Each structure stands twice: as structure tokens, then as C-alpha cells.
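2 protein chains.
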Amino acid sequence: MTEEDTTYLNVKDVSFINDIKSIAVIGPSKKREYFFLKNHAEYFKGPTYAVHPTAEEIPNFDKKNIFPSLEDIHGEVDFAFIAVPPSQILRTIDSCVKKNVKLVTVFTSEFSDSGTEEGIALEKELLKRAQNKVRILGPNGLGIYYPKLGIAWRPGFPTTPGNIGFIAQSGGICNIAIYGAEALGINFSKVFSFGNGADIDFVDLLYFLSNDPETDIILCYLEGIKEGRIDDLKKVLEQNKKPIVILKGGQSETGSIAAKTHTASISGDNRLWHALFRQFNIIDVDSLEQLLHTARLIDFYGIFELNNLAVFSISGGYGVILVDLLEKAGMKIPPFSSEIQDKLKSKFFLPGTSSNNPLDLAAQFFYVISVYEIIDLALSDKKIDGLILDMPSFYLTPVLKSRDNQDFESNMIESLILGHKHNKPLIPIIQRLNNPEERESISKKLIERKVPVSGDPLEFIPLLTKISEYKRRMGHS
Amino acid sequence: MTEEDTTYLNVKDVSFINDIKSIAVIGPSKKREYFFLKNHAEYFKGPTYAVHPTAEEIPNFDKKNIFPSLEDIHGEVDFAFIAVPPSQILRTIDSCVKKNVKLVTVFTSEFSDSGTEEGIALEKELLKRAQNKVRILGPNGLGIYYPKLGIAWRPGFPTTPGNIGFIAQSGGICNIAIYGAEALGINFSKVFSFGNGADIDFVDLLYFLSNDPETDIILCYLEGIKEGRIDDLKKVLEQNKKPIVILKGGQSETGSIAAKTHTASISGDNRLWHALFRQFNIIDVDSLEQLLHTARLIDFYGIFELNNLAVFSISGGYGVILVDLLEKAGMKIPPFSSEIQDKLKSKFFLPGTSSNNPLDLAAQFFYVISVYEIIDLALSDKKIDGLILDMPSFYLTPVLKSRDNQDFESNMIESLILGHKHNKPLIPIIQRLNNPEERESISKKLIERKVPVSGDPLEFIPLLTKISEYKRRMGHS
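Quick note, the sequences are listed as chains U and F, same order. Letter by letter, the first sequence follows residues 76 to 552 of the numbering used here. Letter by letter, the second sequence follows residues 76 to 552 of the numbering used here.
The set of hints was computed from the structure by calculation and includes no laboratory data. Heads up, none of these hints are tricks.
Note that the list lumps identical chains together, so a pair holds whenever it fits in one copy or between two copies.
Result set (DSSO-like, lysine-lysine): computed pairs, CA atoms no more than 27 Å apart in a straight line:
{"#": "1", "residue 1": "Lys420", "residue 2": "Lys458"}
{"#": "2", "residue 1": "Lys525", "residue 2": "Lys546"}
{"#": "3", "residue 1": "Lys403", "residue 2": "Lys541"}
{"#": "4", "residue 1": "Lys335", "residue 2": "Lys403"}
{"#": "5", "residue 1": "Lys525", "residue 2": "Lys316"}
{"#": "6", "residue 1": "Lys525", "residue 2": "Lys317"}
{"#": "7", "residue 1": "Lys106", "residue 2": "Lys420"}
{"#": "8", "residue 1": "Lys139", "residue 2": "Lys113"}
{"#": "9", "residue 1": "Lys335", "residue 2": "Lys407"}
{"#": "10", "residue 1": "Lys301", "residue 2": "Lys403"}
{"#": "11", "residue 1": "Lys422", "residue 2": "Lys106"}
Predicted model only: the values in this text are computed from it and were never measured.
Required output: the full structure, derived from the provided sequences and hints.
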């Protein structure tokens with residue numbers, strides 16, 4: 076990030092985040108069993124200091140790194156996590172300024188989020204006292220999760236760095252996303268919980284991720300932005316080249332009131348937000364689950380445009396339902412080209428099957444070699460952009476137990492990763508309705524191979540449309 | 076069912092199904108390890124006979140119950156499952172007529188479903204030879220699953236009888252539904268896979284379930300009905316008083332072609348079907364998952380009308396998203412009445428919480444006694460029709476492990492069954508993103524107490540709207 080890039084933009088530079096070398100946790104709480112201190116210290120690669128006026132010992136924490144005040148720390152402190160009561164917050168921020176701390180997370184709440192005059196005034200004073208020398212995440216925020224450097228605010232956060240950035244006002248939303256990422260097979264570059272956004276706000280963080288070499292996909296949970304920042308947001312969006320997926324909270328009447336209570340956000344006019352999403356080709360989703368599933372689809376298969384799909388089912392009826400859902404969502408399930416159709420026909424040998432699109436495998440599913448050949452052929456058809464496959468989970472037990480177990484499973488996995496060979500999305504549905512353990516086991520292996528296993532067609536079909544529309548608009552811009 | 080009831084209706088009486096006392100499986104296949112014979116014999120309470128021209132022994136099957144022909148069986152045969160090759164089907168049906176078999180399932184396929192002239196002719200001939208003396212399910216069908224009598228076509232079908240009837244052309248769809256029912260906590264009275272519906276068809280079965288004392292909710296997967304049957308269908312719908320939920324296959328262009336291949340069904344004009352659904356207050360869903368989830372909601376909470384909901388979340392952000400989704404779906408999240416609001420306020424004691432609707436519990440969630448009191452209060456508000464609760468699954472491990480385990484879990488379950496005390500739907504979302512084992516374990520206990528645990532808000536919110544609309548229309552008819 077060079078100076079020239081940012082001069083026309085009203086954004087605060089937080090690129091030093093990529094270079095945090097030391098952390099202090101100010102106000103670790105014995106009552107909370109030193110929760111935030113322990114979590115920040117657990118995986119962080121540099122020194123983590125505890126700042127506490129009286130504590131001499133903290134269980135499982137190096138005594139040498141406990142200091143009565145920030146000033147007493149000998150080395151530099153790049154980042155501080157502040158969890159002191161509101162009455163001590165101003166004194167604390169003063170000491171951060173003195174110590175040349177670059178960035179703080181203010182976890183303390185009851186500022187503008189409380190809706191009281193005192194809270195609003197305290198937030199203003201906090202900002203003033205930081206003097207633009209210390210950058211603030213929060214108050215009422217959880218700060219930074221940055222697995223590459225080992226920065227985490229809760230225990231058990233995944234330690235593998237990824238390429239997905241996430242900006243959220245809500246810390247709870249971040250928690251759900253971070254803990255859920257592993258099960259989905261995705262990893263984050265950075266996650267920011269910025270709470271009230273008094274200093275560093277959504278626009279600043281969006282600019283940062285948009286230019287962060289460690290981030291390829293940007294996710295946002297946004298309840299609103301401050302008045303007067305919309306033009307700055309537009310400038311940031313104009314220079315952005317990465318896919319942005321937004322879940323906009325507070326779109327309903329009561330939702331917008333709740334958002335105000337939650338993070339003092341003004342949700343704004345929905346029509347304006349949707350116009351903005353359209354203007355800047357932002358993918359707009361309806362739930363946190365959709366946000367994460369969209370990120371996974373893009374992470375596993377890149378940005379794709381699906382016009383013509385192959386459908387592969389074991390139950391003819393389920394195949395019909397899938398075709399209905401996909402065509403209603405704007406995709407087509409066309410006949411295969413005649414050359415591919417002829418080849419496919421020769422691969423079907425059981426009655427009650429169909430070699431047309433949608434393919435109905437019926438009991439031929441158990442002949443896993445033919446499953447591989449059929450998927451390979453279907454995806455080799457030039458007009459086919461991807462394949463959706465249905466695998467009822469009740470088949471897993473008899474199949475995995477009665478057949479040559481290892482062979483069947485590994486061959487099935489080889490068949491289901493064929494999307495990557497053809498560079499076309501292949502999405503298997505393994506219904507959640509049965510065999511949770513077997514489902515879990517095979518899903519894990521597939522997810523490791525970057526196959527986005529789903530459990531319900533309505534979970535991902537609307538997202539295929541959204542990603543395809545994004546790609547189409549990219550082409551037109 | 077009295078004669079008078081049916082004289083004006085063109086339906087075939089199959090009420091004798093409730094009284095099946097003996098079964099024959101004709102054409103058990105050694106190659107398939109006597110699959111259908113074993114499955115029908117496993118739980119059936121009366122005698123199951125095997126009819127095979129040459130077999131003298133069948134593993135784990137009583138030798139005395141093997142006969143070379145149907146005529147050789149001494150006792151009566153009420154129901155026969157036929158799995159002979161097409162070439163033997165006519166001879167077999169003749170013998171069923173002679174033996175006074177009341178009902179057969181013809182599993183054999185390649186009749187009208189093959190689309191060939193021979194297949195169509197064979198189906199006609201089969202029907203003629205049955206002489207209206209033997210009623211036929213199929214061909215190309217799997218027949219009856221009837222847990223009360225122990226009739227099942229696949230291994231491991233649940234044995235607990237329930238109150239949900241299901242009619243489907245597709246056997247594969249039936250399998251997914253039947254195996255999935257246990258995990259969802261619902262049970263079937265009867266399931267019918269009627270395949271091509273050459274004799275007993277959708278209209279007959281719908282009439283039967285509509286008047287079956289063992290069935291309270293009727294589910295249907297329908298690809299189409301025969302021309303000329305639409306008026307009969309309307310008459311059956313006119314006399315029906317039970318909730319009917321339909322998944323209509325073949326609604327898209329390609330889907331209707333696939334339906335024709337699958338079960339020789341003419342899907343018909345979508346607009347006509349949707350007009351019919353509206354006219355007769357039928358709940359129309361988009362996926363098999365929605366069909367089963369709708370049945371569960373009605374089974375657990377009866378027919379409900381949700382106008383005003385309480386939302387209870389642990390993450391304020393997730394609460395905002397829920398409010399948005401629910402209000403977009405036509406429900407309201409209104410303020411509590413002032414009396415309830417005052418009482419609720421007194422129950423909140425941690426900062427960062429909100430006692431308004433949507434309720435934001437934050438860390439107070441860990442004080443399970445207050446969770447109980449808060450839910451109880453919210454549901455006691457007269458204007459509140461139900462409650463949606465979000466419980467991030469990542470909380471389950473620390474909570475269940477670090478607190479007084481038993482106590483926490485049992486208290487949480489007591490809180491989540493409060494919907495039944497107030498006779499108002501309470502639906503908890505335990506996100507699938509984490510802790511699959513803990514999630515599975517607590518979900519099972521909740522489902523036993525008739526609490527419909529979900530994993531994703533979009534999985535059930537559209538169904539709340541559909542059930543509420545059904546109730547409203549009921550009131551107007």
C-alpha cells in the first residue's frame with residue numbers, strides 16, 4: 076500500500092496490522108479466569124504482556140510478563156486488548172498514547188451502544204484522547220482474529236491461515252463464523268469485530284482487506300455505517316477488485332431498531348443499500364449460513380458462471396426435484412451433446428436408470444467405477460458448466476459396510492473431486508437425514524479435497540445464482 | 076368408511092390395507108440375497124410366505140413357508156409383493172386372482188415407464204388380467220411401508236407407528252423420507268410408493284389417507300396424475316379435512332420431461348396445479364426437506380398461526396438477522412406488552428444484554444435459570460404467538476463440560492420445551508457449524524420432547540409462513 080493510493084481516500088491506514096510483534100492485555104480479569112489474556116497468549120508468536128495493577132501471579136502465565144502498568148513494559152507494544160471497566164478507559168487510552176501503542180481493541184461496552192448521553196460522551200472523549208495516534212477497534216468489539224500471527228480472542232479458534240477476510244460489527248457473529256469455518260473447510264486471513272466503530276470503521280477495514288495481499292474474498296456483516304461515510308465507502312468500492320459478500324443486518328423495521336440497540340448503527344434505507352450492492356457488484360445474502368457457504372463455493376471453485384448443469388441422482392424423484400429447483404433459480408439442465416450422450420448411454424447397464432440429463436443412476440450407484448466414468452463424461456461436455464449430485468445418506472451404511480469398504484469410499488471420493496479436474500463446480504448433496512457419523516466422516520474427506528458437500532439443496536442453490544450473476548456483471552464492467 | 080361415503084366418488088376402496096394378515100413375496104431373488112423377502116418378513120406380525128418355483132431352502136427363513144406356487148399356500152394371502160421378471164408378470168397376476176389376493180405390489184419395472192409400446196401394452200394387459208379383483212400398487216413401485224403391522228420393503232425401516240401418511244410415486248423419495256423420519260423425530264402411519272399408478276393411483280390413496288383413522292397429516296410427492304382424474308381429485312379434496320402438504324415434481328420444463336421418464340407422469344400445467352392448491356388450501360413446498368420439516372412442525376405443535384414472535388438470541392447480530400428474516404417472511408417481532416416488559420427487564424442483570432424484543436441474552440445464557448424465566452415470561456405475553464431461539468453450537472462444549480453438566484443440560488431442555496406449556500411453537504436453532512456430537516446428543520433429547528431443533532433459519536422460516544397461511548385460510552372456509 077503506497078501513500079499515493081490513499082491520498083484521495085478518506086481511510087485510516089491499518090496496514091501495520093500485518094506486522095504486529097507484541098501484545099498487551101490490559102485489565103485481565105481473575106473472575107473470568109483471565110479469559111482474554113489466556114486466549115491472546117495461547118498461539119501468539121511474539122510476547123504477550125499482562126497489565127494488571129496488583130496481580131503478581133497468573134496461573135500458567137510467565138510471571139516476567141506481568142506488569143502493573145503499560146509504562147513498566149520494557150519492550151514495544153504494538154497492539155493492546157483493553158478490558159477495563161468504563162471508569163478506567165480514559166486513563167488506559169492515555170497510557171497507550173504514551174507507550175506508542177499502534178492499535179487497541181476496546182472490549183469494554185456501554186459507550187454509544189448504551190444509547191445514553193454519558194455513553195455517547197465517553198465514546199467521544201475516548202476518541203479525542205487517542206489523538207489519532209492510537210487506532211481503536213471498538214469499543215464494544217472483540218478486535219482481531221489473525222491466525223497467521225496467532226492472534227485470537229477465544230479459545231480453540233482455528234490456527235490455519237486462509238484467504239478469506241471477514242468484517243463484522245457483531246462479535247457473536249464472528250464467533251459463529253470462526254468456529255464454523257473448520258467444519259466448512261474454509262480458513263480466514265483476518266476477522267475484525269469492530270463493535271461501535273468509533274475510530275476504525277467498516278470503510279477503513281474494507282479498504283484494508285481490499286488491498287491486503289493475504290485476502291482474496293471479503294465477507295461482511297454490516298448493520299450500518301456512520302452518516303457522511305457513504306461517499307468514502309463508494310470510493311473504496313470503486314478501487315476494489317475482490318469479490319465482496321455482504322450480509323446486511325437491520326433490513327426490516329424491527330431489525331433496524333435492534334441493530335441500533337446492538338451497535339448503535341443506523342441501518343439506513345434498504346433501497347439505497349441494494350442500489351449500492353448492484354452498482355458495485357456486491358453479492359448480497361440473507362443469512363450468516365449463506366455468507367459462509369458463498370465464501371466456500373468461491374474458495375473451492377473460484378468465481379464461476381453456471382448456465383447449463385448436469386444433474387446426477389440415485390433417486391429419479393430427487394433428480395426431478397433438483398431440476399425443478401435449479402431451473403427455477405435460472406439455470407438449465409439441457410440434453411447432453413449427442414457425442415457425449417452416446418458415450419453415456421453405453422455406460423448404463425441396469426434397468427430403471429436414465430442416461431439423459433438428469434442422470435438417474437438408481438442401483439448402478441453401487442458400481443462405483445461407472446459412477447466415475449459417468450461424471451467424467453458429463454463434465455467433459457463443453458456446454459455443461461457444472462454438476463449437482465444427490466447421494467442419500469441412508470446408502471452410506473450398507474455401501475460402506477457390505478462392499479469392499481476402502482475401495483468404494485476412495486473411488487467415490489475420486490469421482491466427486493472430478494469437478495476440479497474439469498475446472499467446473501461439482502456439488503454433492505449428502506442428506507442430513509441419516510447416518511450422522513458416516514456422513515460426517517466422508518464429508519470431512521471430501522472437504523479436505525475442496526469439495527463443498529451440502530446437506531440440503533436450498534442451502535446452496537440460491538448462492539449458485541448469486542455467484543453466476545456476479546461473474547456476468549464482472550464481464551460487463 | 077361406509078358405502079354411502081364413496082358412492083359419489085370414483086375411488087377404489089383400499090381400506091382393507093389396515094387389516095393385512097398375511098404376505099407372500101413372489102419371485103424372491105437369490106442373487107439379491109432374498110432382499111425383499113427378508114425385509115417383508117423381518118417385522119411383519121403375521122405369516123410371510125416365499126413363492127419360488129425351485130427354491131427349497133432360503134437362509135434364515137422358515138422352510139415351511141416356502142412354496143413353489145401361490146396356490147400351494149394353505150392359508151389366505153392378503154397381500155403379495157411381486158418381483159418376477161416382466162415375462163412372468165401376467166401368469167403371476169392370474170394366480171393372484173385365483174388365490175383371492177386382495178392387494179399386490181408390482182415392483183417389476185419396464186412397463187409404461189419404459190415409454191415403449193410393448194411396455195404400455197403389458198401394463199394394460201396386467202390391469203385387465205387383475206379383473207378389479209386384485210388391487211395393484213405399481214408397477215415400478217415399492218408398495219407399502221406400514222410400521223404398525225410391520226410391513227417394510229427395506230432393512231432398518233423404523234418400527235414405531237406414527238400419524239403421518241405419505242404418498243409418493245418415487246420409491247427413492249420414500250426411502251429418504253422413511254430413513255430420515257427417525258432423525259427428525261416423526262413417524263409414519265403408512266407410506267405408499269405407487270410407481271406408475273396403473274390401478275391404485277394418487278387419488279385413491281389420498282382418499283384412503285384422508286379417511287384413515289391412523290393418519291392426521293398427509294404428505295405427497297406427486298409428479299402428475301392421469302388425464303381425466305383431475306375432477307375425481309377435486310371431489311376427494313372437497314371432502315378432506317386433514318392438512319395436506321404437497322411437493323409437486325416436474326414444475327420446470329426439464330423437470331416435467333424427467334418426470335415422464337421416471338414414472339410416465341404428465342406433470343401438467345403449473346398454473347392449474349397452483350390454482351388447485353390454493354382452492355383446496357393445500358400446503359405447497361419446494362423440496363423433500365421442506366416437506367418433512369413441515370410435517371414435523373405440524374406434528375409437534377399442531378396447526379398454528381404466527382403473527383407476532385419473540386426472538387431470543389445469544390449474539391445480538393444473529394438476533395438482528397433472525398428479525399430481518401422473520402419480518403421479510405411476513406411475521407412481526409413487536410415490543411412486549413408493558414407488564415411483561417417490566418418483568419423481563421428485572422430478569423436481565425449483565426451488561427451488553429437487551430430485554431426488549433428481540434431479546435439479547437449474551438453471556439447471561441450461561442445462567443440457565445434466568446433463561447427459563449425469560450422464555451416463560453416472553454411466551455406468557457398474550458400477543459406473542461411463538462419464540463425463535465438461537466443457540467450457537469460452539470457454546471455447547473464449554474458449557475456442557477465446564478459447568479455442572481447434568482444440571483445445565485436438563486435445565487436447558489426444560490427451558491426449550493416451554494413452547495408446549497404455553498401451547499405456542501418454540502423453535503431452537505443449534506447451528507450445524509460446530510460440535511457435531513454435542514449437537515446430535517442434545518438435539519436427540521429435544522426431539523424426544525417434541526422440540527423441532529433446526530440448524531439453519533432458512534430451513535424452517537418459509538414453512539412458518541406456509542402453515543400460518545393454511546390456518547388463516549381454514550378460518551375463512
